[in-house]
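Here are the chains, one letter per residue:
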Amino acid sequence: MTDTAITSPGVSWISRLKDSRVGPVSFMILVIMVIWYAGAVYLNAPRVIEQFERSKVQWTASHLMDKTWSMERPILPAPHQVVVELNETIFQKKITSKRSLVFHAWITTSSTLLGFTMGSILGILLAAGIVHVRTLDRSLMPWIIASQTIPILAIAPMIVVVLGNLGLTGVIPKAIISMYLCFFPVAIGMVKGLRSPDPLQMDLMRTYSASTSQIFWKLRWPSSVPFLFASLKVAVAISLVGAIVGELPTGAVAGLGARLLAGSYYGQTVQIWSALVGASVLGMALVFSIGLIEKVTLKAMGAKS
Amino acid sequence: MSNPDPAASASVKKVVDARKLSLVFGEGESAVHALNDVDLAIEDGEFVSFIGPSGCGKTTLMRVIADLEKPTGGEIMVHGGTPEQARIDRAYGYVFQAPALYPWRTVRRNALLPLELMGMDKALREERVAKYLRLVGLEGFEKKFPWQLSGGMQQRVSIARALGFEPDLLLMDEPFGALDEITRDHLNEQLIHLWQETGKTVIFVTHSIPEAVFLSTKIVVMSPRPGRINKIINCSPPPDRTLDWRETNDFLEVAHEVREALRAGHSYDDQGA
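As they're listed, the protein sequences go chains E and U. Heads up: the first sequence at position 1 corresponds to 23 in our numbering, and the numbers run straight through without jumps. Heads up: the second sequence at position 143 corresponds to 396 in our numbering, and the numbers run straight through without jumps.
There could be a bad hint or two in this list.
[Stated by the list, open to error] One side of the interface only, derived from the structure: several residues of chain U facing chain E at Cβ under 7 Å:
{"#": "1", "residue": "Phe278"}
{"#": "2", "residue": "Ala351"}
{"#": "3", "residue": "Ala353"}
{"#": "4", "residue": "Trp357"}
{"#": "5", "residue": "Pro367"}
[As the list claims (entries may be wrong)] Below, computed lysine-lysine pairings styled on DSS-like, alpha-carbon distance capped at 25 Å:
{"#": "6", "chain 1": "U", "residue 1": "Lys396", "chain 2": "E", "residue 2": "Lys317"}
{"#": "7", "chain 1": "E", "residue 1": "Lys321", "chain 2": "U", "residue 2": "Lys396"}
{"#": "8", "chain 1": "U", "residue 1": "Lys375", "chain 2": "E", "residue 2": "Lys317"}
{"#": "9", "chain 1": "E", "residue 1": "Lys326", "chain 2": "U", "residue 2": "Lys397"}
{"#": "10", "chain 1": "E", "residue 1": "Lys240", "chain 2": "U", "residue 2": "Lys266"}
{"#": "11", "chain 1": "E", "residue 1": "Lys240", "chain 2": "U", "residue 2": "Lys375"}
{"#": "12", "chain 1": "U", "residue 1": "Lys267", "chain 2": "E", "residue 2": "Lys321"}
{"#": "13", "chain 1": "U", "residue 1": "Lys396", "chain 2": "E", "residue 2": "Lys326"}
In short, the hints are calculated from the structure, not lab data. Quantities reported herein were computed from a predicted structural model and do not represent experimental measurements. Backbone N, C-alpha and C fix where the C-beta goes; we use that ideal spot for every residue, glycine too.
Model the full assembly from the supplied sequences, consistent with the hints where possible.
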């Protein structure tokens, strides 16, 4: 993409911006910012105007904007307020502090990763079973699909209560909720992936009278790797959702979910928004890491680069 | 593979022995007679071509020999036993229409695949792969991935892969069908050398008359609906032939005979049906 821009020095920076991803991405950020600031004015204005009128002050439009963008508990905080809060809770606090967003993010990440690992393994095992055993193909698939029609918000408290009774608390229930969500895309993707070898490749294995496990490890598994990574990217994002949802009914004191909950108890909208931003950045980082591993793996497997 | 079964010893010299072989796909109205009453004997060291139009059952016959399809009638013996036994004994190497290389394996590791599956000693299998990649002229390409090679080179890898475990019987299903004529001619010459050097029995499916005549010691002409053998033509091409041999009268006579046999089987009528 950018190769041409680098090799030909005559090309102006405008076309270079057009070729790269920097241009479109920063344009979208600009649009979002404008909408966000405008939204903050629109949503927070009634309360600000009420205040103005109560204290009988003359106010102008710029006055109003100033006020709506600097409220302590706005309905919609302005972006810079979120940035200030993020700076305070990420860089100005020790990461072991309960007030540090890094600390909370780590708590959530640990249950996300545990749930993601368990869910991926479960998904792969289910897919391997479905591909090899006809009965499982017929009997398991409807249950797997049904499992995802149950709203996670409804089942999460049940899982927490039941596991709590069995003496499992802390990271385990959250990881299990995470796993419950993320095994699904892995199972679906891997069923397709493990069935992706074409008939010729399968016939070839048959002419070598290869065993089922040889066919699995030498053919099915490597063929499914691109499908696996596509599923893992979806799975890691929803395991994060699972972990956050899992923190809500546990009355957790730590984690991004706890942060969201505490924020809404006390009307700390700035805190909620900064936790939301934290969660989405974390989600992107997780998906990006999987993407990176994918790139390296597929390259080692001879993909055209 | 040595087979101590005394009943099989009578036909042990025959690599393939089919009698009244038939194969029907489907049932009733929609049944397709892919093979009908096929009698065929192939002896050790022969180069046999199956030729005929699409749908004449030549690939099906080959797949029955390889135990990739089960016949619905008649008998077939491969190396004096059932095709299944021959497959389990890994008595044949199969080269498909497409190279069927595994894209995540390099050329070397593709050729290694069957040897790995057979649990061959590591040093031995590296030696074998090096030997056969050299034989098909791919020395120096070991570390390339399939997509980095041309179609002809990919097909040569698949031939090296089939030769690696040194089966006595080589089954080749239109291996050069997807290649351009220049590459095909070149590979035909190489294949003749290979056959003479190794002394294997080769069964070769093609729909090219010049290819069949150039390569074979026995040409099996087949025709469709139902798939059957029309004529078996024995020929004795000069062992040291080059592509120039195709311009001689000997060659043209055999080619003419094949064409007549195809015409007799109505192979040129309503091709689209």
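Taking 25 Å as the top limit, are the C-alpha atoms of lysine 396 of chain U and lysine 326 of chain E close enough?
14 Å, holds
Run the distance test for lysine 326 of chain E versus lysine 397 of chain U: straight-line Cα separation, threshold 25 Å.
Distance ~12 Å between lysine 326 of chain E and lysine 397 of chain U Cα, so the pair holds.
Hint check: lysine 375 of chain U vs lysine 317 of chain E, CA-CA at most 25 Å. Holds or violated?
Since the Cα atoms of lysine 375 of chain U and lysine 317 of chain E sit roughly 30 Å apart, the hinted pair is violated (cutoff 25 Å).
Hint check: is the beta carbon of tryptophan 357 of chain U less than 7 Å from a beta carbon of chain E?
4 Å, holds
How about phenylalanine 278 of chain U: closest beta carbon in chain E under 7 Å, or not?
15 Å, violated
Next pair to validate is lysine 240 of chain E with lysine 375 of chain U; report whether the Cα-Cα distance is within 25 Å.
At roughly 17 Å apart (the allowed maximum being 25 Å), lysine 375 of chain U and lysine 240 of chain E satisfy the hint.
Against chain E, run the beta carbon of alanine 351 of chain U and see if the smallest gap drops under 7 Å.
6 Å, holds
Would you mind confirming whether the straight-line C-alpha gap from lysine 396 of chain U to lysine 317 of chain E stays at or under 25 Å?
20 Å, holds
Given the hinted pair lysine 321 of chain E and lysine 396 of chain U, is their Cα-Cα distance within 25 Å?
14 Å, holds
Restraint check for lysine 240 of chain E with lysine 266 of chain U, where alpha carbons must lie at most 25 Å apart:
Status violated; Cα separation ~36 Å.
Holds or violated: proline 367 of chain U as interface residue toward chain E, Cβ cutoff 7 Å?
Since the shortest Cβ distance to chain E is 5 Å, the answer is holds.
Lysine 267 of chain U and lysine 321 of chain E: Cα distance at most 25 Å?
With a Cα-Cα distance of about 48 Å, the restraint between lysine 267 of chain U and lysine 321 of chain E is violated, given a limit of 25 Å.
When each numbered hint is compared with the structure, violations occur for hints 1, 8, 10 and 12.
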